[in-house]
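Those sequence lines, one after another, are chains A and B. Residue numbers are given in numbering that gives the first Met the number 0: position 262 of the first sequence equals residue 261, and the series is strictly consecutive. Residue numbers are given in numbering that gives the first Met the number 0: position 255 of the second sequence equals residue 254, and the series is strictly consecutive.
Don't read these hints as lab results, they were simulated from the structure. Just so you know, nobody snuck in bad clues.
Where chain B lies over chain A, by a calculated footprint (3+ residues, C-beta under 8 Å):
no. : segment
1   : 45-54
2   : 99-112
3   : 117-128
4   : 132-142
5   : 171-177
6   : 269-277
Heads up, the beta-carbon is just placed ideally off N, CA and C, and yes, glycines get one too.
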Amino acid sequence: MSAVQIDTATVGPPKAPGSGESTAAAARRRLSRPWASLFAVVLAVLWTIPTFGLLVTSFRPAADINKSGWWTSFFDPNYTLENYETVLSADSAQSLAPSIVNSIVITIPAVVLPMFLATLAAYAFAWMSFRGRNVLFIAVFALQVVPIQVTLIPLLSLYVDIGVSGTFWAVWLSHTMFGLPLAVFLLHNFMQEIPGELIEAARVDGAGHVTIFFRLMLPMLKPAIAALGIYQFLWVWNDLLVALTFAGSSRDLAPMTVALLNLTGTRGSQWFLLSAGAFVSIIIPAVVFLSLQRYFVRGLLAGSVKG
Amino acid sequence: MEVADKLVTMVVALVVFAAVIGLILLVVHLLERRGVRRVAWWFIGPTMLLITVGLVYPALRTLWRSFYDAAGTSFVGLGNYTDIFTSGDQLVVLRNTVLWVLVTPFVATAVGLVYAILVDGARGEAAAKALIFLPMAISFVGASIIWRFMYEYRFYDPDVENNPNQIGLINQVIVWLGGSPQNFLLNSPWNNFFLIVVMIWIQAGFAMTILSAAIKAIPTEIVEAARLDGVSTFEMFRFVTVPSIRPTLIVVLTTIAIGCLKVFDIVRTMTAGQFGTSVVANEFYTQSFSAGNQGLGAALAVLLFVLVVPIIVYNVRQLRKADHR
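With these hints in hand, go ahead and build the complete structure from the sequences.
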């Protein structure tokens, strides 16, 4: 499929140290190891501190946050769940709860729709012969390069015309449209790797395309669909531009990203809300991401062309 | 709207979708029985329709729109494009975009590559990687908030006794080292680099993951042979590792570069493009939705497209070459 396709096994656990290396090389390696390890540790710490700092902050009382740095709380511990209560409670005016619900309501259809449509289309492109197949497939592939900015304003007026502007439908439709080219392209590539004899055999047995699609393709493509599904999930959950354009800032529609952006406009005085809110918005994708990392890495390796 | 209403809307959407798909599959099933060919169109139909409505038609409209003035009433030819390349504000936007695209991919890839090599085969490799990788799961908005907190600045006057405590870590470190705190996001052009740091922080994990996989895929025989020849660590890196993963390096660099061209969330959340930090993708939004200059907005969107295309073409070509090898 592409030059960077790598077996998932190699992405997993570390391999055993080489046994056949020369003693000199081994010695040299051992010498450089401490420095290498130190450097790696420094990098890891640098990469983790920003997140860690905000996490600590999210458990500090609002008054403390504005008075002293989060690192001082280790010497003078004073932690609370109040920030999270404010952010999650259903009735407080500062609550981010509505936007959490919005994020979920936006994300589920915006992942299910494009994934299913793309699987259908990819199946036809991979295993059915029809006129114009190659031209259309190249067109779909090429459309990946269209930045969504190019489409926003005309789409917005289109939505106004058909009366779905300012509803979840506009956001779902947009994410579906934007997600399709990459999904079709990648699923098509995965599908082509399935041996043709399998499909031939099924057709000889009298199975139609619908049967083949459900009984053969969907089960075999599970890993690929999972990988792309996670990709689309992260994409939609973390999206700001589409949500801002089509859902705006209303509490009825705006997802977490938009709600958090609105909070930053207040000149950083509300760090207790921002820090807790940021972590609520992070936790769901982080859990999905870490538990399905293996699939996701595979999807990344196959789909590195998307931007 | 109540939570229940929203959830009902969502379920309705899913049911409508399932019904449409069910109908299509039923039609395909019936057609097939009667031996009608070209059922393929029923499979690709919904996708082609959505792509045409959602991507092709709007893109053409925007292209057309970019030749009109702010109100979209009179034809100005290439006027908007001339504006982008001559007006002072827009030139700053272009400069910033170039800065993002030149700096971010190389730094993020370098960090990712070095880290991948350092932890390769080390104990606790998986955990070490997860630490660098984690920012990728955080939204750009979340990451920007995390970094705004790092950069947080409290008024400071070196001549006064009781300055407020700094609550941003970076400024506190500066104070500890005896310097005076800076308002990082305010001073152009340096603030651009502080925004770029956020992108590097996110993308290094992406680079590390992919490059690490590529490094592990280098055949052991090549590495062993080089070892037997007694090459140094640096020579191994320069003459074995880098050439072996060259195609992957190109993919990583170009992917990050494309991400940088389209970067919107970070600039929006950190500075909203003020203080000379706007980039093309953000300026598009500002011009289209706040400044009311849809012509210029459209031209910026088209420019974004024009900038992305060569990077992708190069990328695809390199992949083709590697495939043929």
